[in-house]
Amino acid sequence: MQTPSAFRPVTQQTRSYYTIMVSANEDPVNNSLEKVLLPPKKLSAAQPTNLRTKAVKKIDRNWTLNSTKYVMLKYRHWQLVHRRSVTFVDLLNSMSNDLQKYFYLKKSPSQIKDKINNTKAGYISLLDTIKTEKTGEASVSSNTSSKKIPNDVFFFVDRFYNAQRSVFAEDVVAEIDITLKDEKQKLHLMIH
Numbered sequence: 000m001q002t003p004s005a006f007r008p009v010t011q012q013t014r015s016y017y018t019i020m021v022s023a024n025e026d027p028v029n030n031s032l033e034k035v036l037l038p039p040k041k042l043s044a045a046q047p048t049n050l051r052t053k054a055v056k057k058i059d060r061n062w063t064l065n066s067t068k069y070v071m072l073k074y075r076h077w078q079l080v081h082r083r084s085v086t087f088v089d090l091l092n093s094m095s096n097d098l099q100k101y102f103y104l105k106k107s108p109s110q111i112k113d114k115i116n117n118t119k120a121g122y123i124s125l126l127d128t129i130k131t132e133k134t135g136e137a138s139v140s141s142n143t144s145s146k147k148i149p150n151d152v153f154f155f156v157d158r159f160y161n162a163q164r165s166v167f168a169e170d171v172v173a174e175i176d177i178t179l180k181d182e183k184q185k186l187h188l189m190i191h
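Read in order, the letters of the sequence shown correspond to residues 0 to 191 in numbering that gives the first Met the number 0.
These are calculated hints, taken from the structure and not from any lab test. Quantities reported herein were computed from a predicted structural model and do not represent experimental measurements. Hints may be right or wrong, so weigh each one.
[Stated by the list, open to error] Using 25 Å as the maximum straight-line C-alpha spacing, the simulated DMTMM-like pairs for lysine to aspartate or glutamate come out as follows: (1) K180 to E132; (2) K100 to D181; (3) K133 to D181; (4) K180 to E169; (5) K185 to E132; (6) K114 to D170; (7) K112 to D181.
Could you build the full structure based on these sequences and the hints that come with them?
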């Protein structure tokens, strides 16, 4: 048995708890409720109590494909439409709030800025690698980034950030809507 301490809470080791369930059957004679006594449940300190919340917390820390798409699309929309009217700091703050609202993902504005920069650097790095493989050059320039991004992120970023392609604000807004609908559907399937 542990002694109580101000610095360490007392934990429940192997205590038995009885669960009492009250049934809704009222006895008309003595107006008392029946009580059903269920067998005891053993609790141990090593047994995880909330597996689902631990899994959700782990998921909440990681960037998903949809959250990456959303951040990059909002950034691209800001570049095309709102660059002169909305500051970059305000954009990052609104994206932080949106990630928490739509994706249940808590990220600070500086983490979002890092994600944007890392994704762009990874895209440029892979693009340079592809170009050097096509031209047959053996040496890769030393100033390229070592960051790598997944193929699906690469193709997505290539679609909206390639300088040789025309990108319209309407296309970006439509893709943002598709991304949000996809995430909403995934959350709906996860709950049910």
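Practice problem: Any hints from earlier that this structure breaks? Give me their numbers in increasing order, please. | Solution: Numbers 1, 3 and 5 - these are the hints that the structure violates, sorted from lowest upward.
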